[in-house]
Amino acid sequence: MLRIAEEVSTALEEGRAVVALESTLISHGLPYPQNLAVAEGLEAEVRAAGAVPATIGLIEGVPVIGLNGNELERLATGGERVRKLSRRDISAAIVERADGATTVAATMALAAAAGIEVFATGGIGGVHRGAIHSWDVSADLTELGRTPVLVVCAGAKAILDLPATLEYLETQGVPVVGYQTNEFPAFYTPHSGLPVAAVAADALAAARMWRLQRRYRNFAAPGGMLLCVPPPERSALEREAVEAAIARALARAEAEGVRGPAVTPFLLAAMAEETSGESIETNIALLRNNTRVAAEVAVRISELG
Numbered sequence: 014m015l016r017i018a019e020e021v022s023t024a025l026e027e028g029r030a031v032v033a034l035e036s037t038l039i040s041h042g043l044p045y046p047q048n049l050a051v052a053e054g055l056e057a058e059v060r061a062a063g064a065v066p067a068t069i070g071l072i073e074g075v076p077v078i079g080l081n082g083n084e085l086e087r088l089a090t091g092g093e094r095v096r097k098l099s100r101r102d103i104s105a106a107i108v109e110r111a112d113g114a115t116t117v118a119a120t121m122a123l124a125a126a127a128g129i130e131v132f133a134t135g136g137i138g139g140v141h142r143g144a145i146h147s148w149d150v151s152a153d154l155t156e157l158g159r160t161p162v163l164v165v166c167a168g169a170k171a172i173l174d175l176p177a178t179l180e181y182l183e184t185q186g187v188p189v190v191g192y193q194t195n196e197f198p199a200f201y202t203p204h205s206g207l208p209v210a211a212v213a214a215d216a217l218a219a220a221r222m223w224r225l226q227r228r229y230r231n232f233a234a235p236g237g238m239l240l241c242v243p244p245p246e247r248s249a250l251e252r253e254a255v256e257a258a259i260a261r262a263l264a265r266a267e268a269e270g271v272r273g274p275a276v277t278p279f280l281l282a283a284m285a286e287e288t289s290g291e292s293i294e295t296n297i298a299l300l301r302n303n304t305r306v307a308a309e310v311a312v313r314i315s316e317l318g
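For the sequence shown, this note's numbering gives the first residue as 14, with consecutive numbering after it.
Accuracy of the hints is not assured; some may be wrong.
[As the list claims (entries may be wrong)] For lysine to aspartate or glutamate, the following EDC-like pairs were computed, each having C-alpha atoms within a straight-line distance of at most 20 Å:
| no. | residue 1 | residue 2 |
| --- | --- | --- |
| 1 | 97 | 180 |
| 2 | 97 | 86 |
| 3 | 97 | 109 |
| 4 | 97 | 84 |
[Unchecked claim] Derived DEER-like restraints, expressed as beta-carbon distance ranges:
| no. | residue 1 | residue 2 | range |
| --- | --- | --- | --- |
| 5 | 282 | 50 | 33 to 43 Å |
| 6 | 44 | 227 | 17 to 27 Å |
| 7 | 23 | 145 | 47 to 57 Å |
| 8 | 15 | 257 | 42 to 52 Å |
| 9 | 211 | 147 | 25 to 35 Å |
No lab work stands behind these hints, which were simulated from the structure alone.
Glycine included, C-beta positions come from ideal geometry on N, C-alpha and C.
All chains, full assembly: derive it from the sequences and hints.
Rendered as structure tokens:
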């Protein structure tokens, strides 16, 4: 059922580095034409570091590993016609021949099915604030526990309950590794005050950790690894300002009765308003940075064999 782009297929057969990229950013994260420009820019970051990009999504019900230019534009301009897909939604989208953009969980699942080991994203989903009442926990966390993909990110989205998210990742047996940091990044800011389980000094160290995790998967972590990269200092926001903006965004969501899958996009849009667009600029900067690091790690993994 997978359609793998020839460039991606050839790279995988030859043991060269490939980096998976998600597509929800294209369809649900940014407006057109900014979304398309960012998607193309991320692929360029991967190529510049010596790896092959594989943006993943569904086109007319077919899971595509390595969307071409026309397909990227199709998702970028599709509006509400493009479905936001987690792992649970893939089979229905296939049956109904729908266009779909993949979340972290769905991208991981399809990347693993294609044999891709490294995936770059902005921030993962996690345990929502107030989850003790709502039970709102992202499928990204359970996917990380069972699917063998190294996910490079800037931590979890700052709108989430970060301590609870780390606890859940520990329960799932997911190694949380800081990239040149001993602190779990808080997406918009490098600082959360929360420690990571291990630190990778460079791309080679991260690659070695991943290769050993896969080699000893029978008694080490059988699923994914989270490699957490702090956002670039020049574009990071102040932690206190971020928390104040999140509090206002949460209050707006509560007042408007926003629930379920609508919570995250609502809060991210509210954060953009509360920060006068600065959160979007930070998001784009960290996406590019994460993608560059992911490509460097993927190259090192391919060299280790």
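Name the hints, by number, that the structure is in violation of. 1, 5 and 6
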